[in-house]
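Listed in order, the protein sequences are those of chains F and A. Count along the first sequence starting at 1, add 2, and that's the number in my numbering. Count along the second sequence starting at 1, add 2, and that's the number in my numbering.
Careful: at least some of the hints might be erroneous.
EDC-like mimics (lysine to aspartate or glutamate), calculated; alpha carbons at most 20 Å apart, straight line [stated by the list, open to error]:
id : chain 1 : residue 1 : chain 2 : residue 2
1  : F       : K55       : F       : D187
2  : A       : K51       : A       : D41
3  : F       : K144      : A       : D141
4  : F       : K144      : A       : D41
By construction, these hints were calculated from the structure, which means they are not laboratory data.
Number of protein chains: 2
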Amino acid sequence: MKVTNEKKAVVLVSGGIDSTTCLAIARRQHYRIFALSFDYGQRAASEIKAAQKVAAVFAAEEHKVITLDMSEIGGSALTDSNLPVPEQESEGIPITYVPARNTVFLSYALAWAEVLSAGAIFIGVNAVDYSGYPDCRPDYIKAFETMANLATRAAVEGNRIKIATPLIDLCKAEIVKLGAELGVDYGPTVSCYQADSHGRACGLCDSCRFRQRGFRDAGMIDPTHYQ
Amino acid sequence: MKVTNEKKAVVLVSGGIDSTTCLAIARRQHYRIFALSFDYGQRAASEIKAAQKVAAVFAAEEHKVITLDMSEIGGSALTDSNLPVPEQESEGIPITYVPARNTVFLSYALAWAEVLSAGAIFIGVNAVDYSGYPDCRPDYIKAFETMANLATRAAVEGNRIKIATPLIDLCKAEIVKLGAELGVDYGPTVSCYQADSHGRACGLCDSCRFRQRGFRDAGMIDPTHYQ
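Whole structure, please, built from the sequences with the hints as guidance.
Here's what the structure looks like:
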């Protein structure tokens, strides 16, 4: 029987504020970091570059970038270039919601965690996200964890995996304040849904607006470069 | 609000006996079929050809073949060419187990089901599989369904998705008997973990042995071509 290494964690890294703060938290908790990012046909390729930079900053032992065919599935403004990214606030679940995205991401993380015998998967979902995205809600995360603990060889052998969501009750301002306390430099991060190839943000999409409001409410300076 | 179309089903199709029987059952239940296969770095590329043939036989309205980077994750004889496929029966979870494979497959199926507004996902897991693979067990499937019904926009809007496992309590012999009753031709199917490029089976791996035993116990002739 292979024993789960509680001090190894797979950390989902998008290159934005939330996952970067998650990296800092996992590091502070003395986890050995295995960073996982996805190239899933999202508009902002500069997200991947940002993910690489932050994974390096937090001394990830390995950083995998998995190419996923999600544009093949479609149904979101982030993966279907025929659907425009909205530049005003909207009611309900936004068109930038990617069907079952976190379920696909967490499934890959689970596969890698099993191969590594890691004891935790970190994901930066939070209160801002789950007002809009169904797969960021606490009930969903709990159900994924239950399923994950039935899905694997490790589970059969009694080694539990934890889905760690240290930001889940925090708003954006609380997240950047926490990051600042942990010494995070948000300079290399990219939040924008449609950043240009230099990582410069549009300043208009939901994600840009949440970021700006977060830094403003926290009384901090946002190091983002805008187009 | 988009209403779930209970008569659309995403059917996971590997090109083997189980998923082909599943297709026949979904068809008999008058579902409109949307077939989903994965090219995940498995050894037997002829599986994909078999999947295409059977999807066509059962008049799938669409057949997506998604390329997945699972060899990047490793940890299985099916996706890592350095690990040999065993040719004798072994105890416990076999080395052909692919970490979190069904979770990744079902997650993609969930994403597509959401885009299609489909009411069901069919997967051919069964009693033979779940003696070895953790992600074929009834408890696992139930937990995935619970998670799926929290994960999506459709779920938030009250449209439930069902994970249909019509073979779950059947052994191989019962599956091929059921298929025969439904008029299934198993000629185009491929079960072997290491079939050659013509779809000819090794006759030695676990999957070949289960197939042979199934046909023998059912008193039926196996149309497989062996190397």
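Inset, instruction - Measure nothing beyond the straight line between the CA atoms of K51(A) and D41(A); if it is 20 Å or shorter, mark the hint as holding. - result: Distance of about 11 Å is within 20 Å: holds.
Inset, instruction - With a cut-off of 20 Å on the C-alpha distance, tell me whether K144(F) and D141(A) pass. - result: Roughly 16 Å between the alpha carbons, so the hint for K144(F) and D141(A) holds.
Inset, instruction - With a cut-off of 20 Å on the C-alpha distance, tell me whether K55(F) and D187(F) pass. - result: holds (11 Å)
Legend entry - 20 Å Cα cutoff - pair K144(F), D41(A): Status violated; Cα separation ~30 Å.
The structure is inconsistent with hint 4 alone, although it conforms to all the rest.
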